[in-house]
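Those protein sequences? They're chains E and G, same order as listed. The letter at position 741 of the first sequence is residue 741 when you use this note's numbering, and the numbering goes up by one with no holes. The letter at position 64 of the second sequence is residue 64 when you use this note's numbering, and the numbering goes up by one with no holes.
The set of hints was computed from the structure by calculation and includes no laboratory data. Misleading hints may appear alongside valid ones.
Treat identical chains as interchangeable: a pair holds within one or across any two.
Claimed, not checked - Keeping only pairs whose Cα atoms sit at most 20 Å apart, straight-line, the calculated SDA-like set for lysine to any residue is: (1) Lys422 <-> Glu651; (2) Lys422 <-> Tyr533; (3) Lys16 <-> Thr194; (4) Lys16 <-> Gly196; (5) Lys564 <-> Glu651; (6) Lys16 <-> Pro30; (7) Lys370 <-> Glu116; (8) Lys16 <-> Gly387; (9) Lys639 <-> Gly196; (10) Lys74 <-> Lys419; (11) Lys755 <-> Thr663.
Note that the coordinates shown come from a computational prediction; the quantities given were computed from them, not determined experimentally.
Residues per chain are reported as follows:
Protein chains: 2
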Amino acid sequence: MKYIGKRVPEIHGWAKVTGQATFTDDLRLPGMLHAKILRSPHAHARIRGIDVSKVLQLPGVVTVMTGKDTPGIKYVAQVSDMYPLAMDKVRYVGDPVAVVAAESEEIAREALSLIEVDYEVLPAVFDPREALKQGAPQIHEDKANNLVLTIKRDFGNVDQGFAESDFVFEDEFSTQAVPHCNMEPRSSAALMNTEGVLQIWSGTQSPYFVRKEVAHVCNLPISHVQVMEIHCGGGFGSRSKYCEDEGVTALLAIRTGSPVRITFSREEEMTTTRIRHPFNIHLKTGVKKDGTFVARQMDLIVDKGAYCHYGPAVTGYAAGTAASHYRVPHFRFTGDVVYTNKQAGGPFRGFGAPQAIFAIESQMDTIAEKLGIDPLELRLRNANQSGDTTACGWQITTCGLEECLQKVVSSTNWQEKWKAEKTGRFRQGIGLATAIHVSGSNVFPDGEFSSIEIKMFLDGQVSVYKGSGDTGTWANTVIAQIVAEELQLPMEKVRLISMDTETTPQSLGSFASRVAFEDGNAARMAAIQLRNYLLESASARLQVPGEELQIEQGQIVYQEDAEKRISYGDAVFHSPRCVGHLLNSFYQYVPNTVRLTPQGYANVSAAYAFSAQAAEVEVDTETGQVRVLRFTVAQDVGKAINPIAVEGQIEGALAQGMGYALTEELIVDPETGRVVSDCLDRVMLPTVMDIPQEQIFLVETCDPEGPYGAKGVGEIGLNPTAAAIANAVHNAVGYRAHKLPIEAEDVYYFLHPEKR
Amino acid sequence: MKYIGKRVPEIHGWAKVTGQATFTDDLRLPGMLHAKILRSPHAHARIRGIDVSKVLQLPGVVTVMTGKDTPGIKYVAQVSDMYPLAMDKVRYVGDPVAVVAAESEEIAREALSLIEVDYEVLPAVFDPREALKQGAPQIHEDKANNLVLTIKRDFGNVDQGFAESDFVFEDEFSTQAVPHCNMEPRSSAALMNTEGVLQIWSGTQSPYFVRKEVAHVCNLPISHVQVMEIHCGGGFGSRSKYCEDEGVTALLAIRTGSPVRITFSREEEMTTTRIRHPFNIHLKTGVKKDGTFVARQMDLIVDKGAYCHYGPAVTGYAAGTAASHYRVPHFRFTGDVVYTNKQAGGPFRGFGAPQAIFAIESQMDTIAEKLGIDPLELRLRNANQSGDTTACGWQITTCGLEECLQKVVSSTNWQEKWKAEKTGRFRQGIGLATAIHVSGSNVFPDGEFSSIEIKMFLDGQVSVYKGSGDTGTWANTVIAQIVAEELQLPMEKVRLISMDTETTPQSLGSFASRVAFEDGNAARMAAIQLRNYLLESASARLQVPGEELQIEQGQIVYQEDAEKRISYGDAVFHSPRCVGHLLNSFYQYVPNTVRLTPQGYANVSAAYAFSAQAAEVEVDTETGQVRVLRFTVAQDVGKAINPIAVEGQIEGALAQGMGYALTEELIVDPETGRVVSDCLDRVMLPTVMDIPQEQIFLVETCDPEGPYGAKGVGEIGLNPTAAAIANAVHNAVGYRAHKLPIEAEDVYYFLHPEKR
């Protein structure tokens, strides 16, 4: 193949490195106003009143809005509980209370100080276990004990399974909150145009979700909201659904009749946007003597923060993960999703899997140790195989898990390193972990589909219309490669037009590792259909059978006589399907999956990716400091449509996973509920200087459903990383981490209990 | 019908009257540069050299380009003869020589004075008859005697026709140059985006023509040029093809990598954009004693100015007009299109018909007088009837010409006024004239078609995608009405998205009186198809036969049991054709016409509109001043989809026609070739204070091919106006105008020959 599997450069790369790419904050709309949000300084308080009278006296202020100035409609979400602006209560430090639109950002910021809010401060609760207790402060009126809901799964007979087990292991784990740390703080702009259509620019992953939520809170018909293309400086899930910035700019745009933009400060980005949910995990696994898993129960307390957003889905996905990649015949799961007076969690690369896998893969090594089985052997013995259906109904078709494990082990000399004696101040260890991930997930009421339209011009070049965004994942590049391949066109003759709810075909969005797989399938089929149209036209024109024609770089050539040829452009012109000098091809891909049932049993994805990772660490026994020396990854990517893109996804995921394992944490002041680590520096995001050696192997299982065999690759790279590091630390110094991040202090006190 | 035939307000009206509509000059693109063109001060000169060295020293200047900095490709046009910037010669006062892009318009303007051009001034010629003479200055190297080409028609046997005639009339007429006088001076902006796509904003009538021409002169593939929607302050033909502004901004955008805008000054707008071609007309008509026409010969000298642009097509259309609306069995035509060193002509409302009809309808009254036949009677005797095929092949289907004549005559009390004795200082007269016009014209190599796409959302509202622009003609409103009617949706639930070559379906453009007819047919068929999809879905859902369902305002209702109903949105949701929560319908309308042959015989339009006008004037015999007192118009509009829109077109045309008849003229200094009347005031555009009483009758012949019977209405209103005024002046004081405009001075000397 000419373009598939090739290291094709990112099509937007030039625009981005030269600074020409337009991000929302680069927009200059005539008469544009700038918005700033006044946020609650209290973790929990009732709003007795808001006095905005002084604000409008400040020159340059155009309007100020509080909840009372809005239609008073909550975002849809899974449990609808959040207004664009607080109506009567604030529930975390940062909750939006009022918003100002002014002629400059400086004036808007100054205006915030003139708003007087009369708060009745209420007791707050920050720990979900405390929040569940009788008598805890009630955060939402309709949710007693702050329990949003409980996600339950129960398949097989778990009690019987534990009874039949030779050993039952029970462990507690906990994971921390981490922010997405996008390089681009959230920014969105809105304009109510003269035809009553609200136009929104936002570097979102899923324009159709934003359209739905904004139409809802603004009380507009969905057809009157248009979300448009703009570059995006990082998504990772934070921009896969909605955030309040789009709602607020929309409401201001309607009120003022002017374009309005908001750009969050770094502090707002870190302390008010969606985060990775902290989990408290109780994991119980029953095994036979030979290591065969019999039953598993996972019980979660999910710290939801102040608002629900996509917490239930994240919790449910953790269940699906916990029932898979190792065979677990009997499986039970409860996930209590609990409100606290903190920043809310939301989708974040891995979508609940990194937390669950940290627990599962850590316990795996404990089981192996107890049974005296090699950790590799224990994993291989239980690993999913092609043809498996997991306890939650996932149907594993192609499965490279075993091959990934073997590849990682063989290329790291794992056995030797694992068994090596650990002595001296700096002790090295190696740890193993694996993961599974979907390629798209049929869990949304909006269905699961991607559409692509291709238009070929008379010059033989094409424009490809793609409804989902590209948040820097090379998604557009991969789609362009697919079209280039099927039409045998150079990349520069394939133009990508993406993400405009009015003009590009509908697609669910760029999340759930779905774009290369689903948009990829749609693009491939649309391109094949277009190619057939060209051949059909050429066949009629040249008067030779279509099956004896070949396409090559803009020409359709008769194999028997290369003189008989016609350009793509001429084939377009002469095609009976040509309309307005264009040849159009449209394809909607709907995967053959089943929508998740309330019981949580369904084959939600048409393909599953697998990964095995080995982390090698060095622990300084004098300080407890952990340094990652090397990552080795073998990942079942199905087929790497663009190896640079896939490796880039894996490298990024490793860095994000390493931060998750060792340093990053959103630390909340236990008195005030205020986030202390409110900048990249304080949250301890790893920098390029912290990145270790990386060795990446792409395992190509060629999934029959994926385009050219490809599976999703966006998220899985992060899922096992923290577990692999935790296992390596244990291998090095014997410290078993039960919480993330793995802090030097904990390792140090473990090694020097006398110093505690 | 609920929306068709109703006085629905203009859908962009609110945006326009509140100043919210964005025109090109309102665009604020980040980093946008401003361009100014250095134009030739000479009517004819060779460029020996251009020194731009001082320009770049001026702070704020970004670049300067001359012809040598361009790809050196000519615009396509009908005869390709114009470069974006002069290469070696200038051919009229105003010919673009160089262009500067700078940080502000002021700097760009200042920079022009720093460009030093070394001209070798050549003798110039301004009169086309002089230009044709041996030894005249040669304007284009490849056109000897400055003859661009001769358009010829020869049908029947004209010589025999004249031989068989009882009388043969021969007259000479001449018409002047007039500018379009758009309220918005030309403005366009261009940006070469980071994907190599040149984006152009221009209030053009035909984005696809602009795309083609710009791609050509910039040497870009057509798929790399995108022309986008923006409001337009008047077209009238001047923006129906290309003008040099789009080419120049495009070239600058490519060179600088920045967005570039040019907005013409009023003087540039008046003295360098396309104008109505001056015609010298020799008209010879052979008639029987009873007034029956036998043969006609029209010979034109068309003053092309310095460049060809659409001159041949305008000339050819004059021929088609001259062979029609009255039956002319034998017809011959020659049109010499001749270069002169003046501003070039181009398409202008009527497209050659107003000139031809001025001659034909003036001569008509002369013939009537000579034969002693009532002018009305002469017209009725020869008028086209339904079923006629004209000498040039036009197939007249519905024909309201006779009805229009009778209506005008009866409602003006014409007979009495015509015969009334004319005495005193102020003498009143009445004049009659008629016209024909196409509804779209199959003369372009690009074919003749319009496409419309409609998308219905889950909320039951629709977006309508329309490839042509709306230059203020209410075109978008009419299309929205059609969709509202067929889908029984209130107007506010129909959103129009028009004119973006990347995202709207292709359509030839807004010219040739084609939009209501062709886009209208496409819209109607697309809407009917969408309605059928809705009924099909509702039928399956409600389990009742589709033919027993009715649609009404967003609901599909079972006639037998009104409880059985489903909303449009639900019908969309449940339709098997629903893709991505949208129900799409696309229709391309291709009229059943024949492309104009080189011989000029073809049925180029699927319907022909007719008009009769009466002008009543008062001539001041002491000054020669002519004042129009009243216009009475009866126009065969087929069906008035929106009577306000149709009446608006007619009222505007009458004003434009009155200016053409009496005052407007682009006067060229015979020494220098410079346009003297270079502003609205000097060109003597009528103002609202000059507009007389108007009485408008819409004759509805309900053409079987038009949407709801409609025909094109955009141009025809102007075609007979000058002739009607001329005939009224003759009726009042006996002065037969052989040239336009009819100047008070000429009338005065006619009445007072002794004063000459």
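Comparing the hints with the structure gives:
1. Proximity of Lys422 to Glu651 under the C-alpha cut-off of 20 Å is found in neither arrangement, the shortest distances being 28 Å within a copy and 96 Å between copies.
2. For the homomeric pair Lys422 and Tyr533, neither the shortest alpha-carbon distance inside one copy (66 Å) nor that between copies (73 Å) is at most 20 Å.
3. In this assembly of identical chains, the alpha carbons of Lys16 and Thr194 lie at most 20 Å apart only when taken from different copies (9 Å versus 32 Å within one copy).
4. Proximity of Lys16 and Gly196 under a CA criterion of 20 Å is satisfied inter-copy only: 14 Å between copies versus 33 Å inside one chain copy.
5. Taking identical chains as interchangeable, the C-alpha atoms of Lys564 and Glu651 are never at most 20 Å apart, the minima being 49 Å within one chain and 58 Å between chains.
6. Only between protomers do Lys16 and Pro30 lie at most 20 Å apart by alpha-carbon distance; the minimum there is 16 Å, versus 24 Å within a single protomer.
7. In this homomeric assembly, Lys370 and Glu116 never come within 20 Å of each other (Cα to Cα): the closest approach is 62 Å inside a single copy and 91 Å across copies.
8. For a Cα distance limit of 20 Å, the shortest separation of Lys16 from Gly387 qualifies neither inside one copy, at 43 Å, nor across copies, at 64 Å.
9. With identical chains, the CA atoms of Lys639 and Gly196 are never at most 20 Å apart, being 46 Å at best within one copy and 30 Å at best between copies.
10. Taking the shortest Cα distances, Lys74 and Lys419 never come within 20 Å of each other, neither inside one copy (57 Å) nor across copies (78 Å).
11. In this homomeric assembly, Lys755 and Thr663 never come within 20 Å of each other (Cα to Cα): the closest approach is 22 Å inside a single copy and 104 Å across copies.
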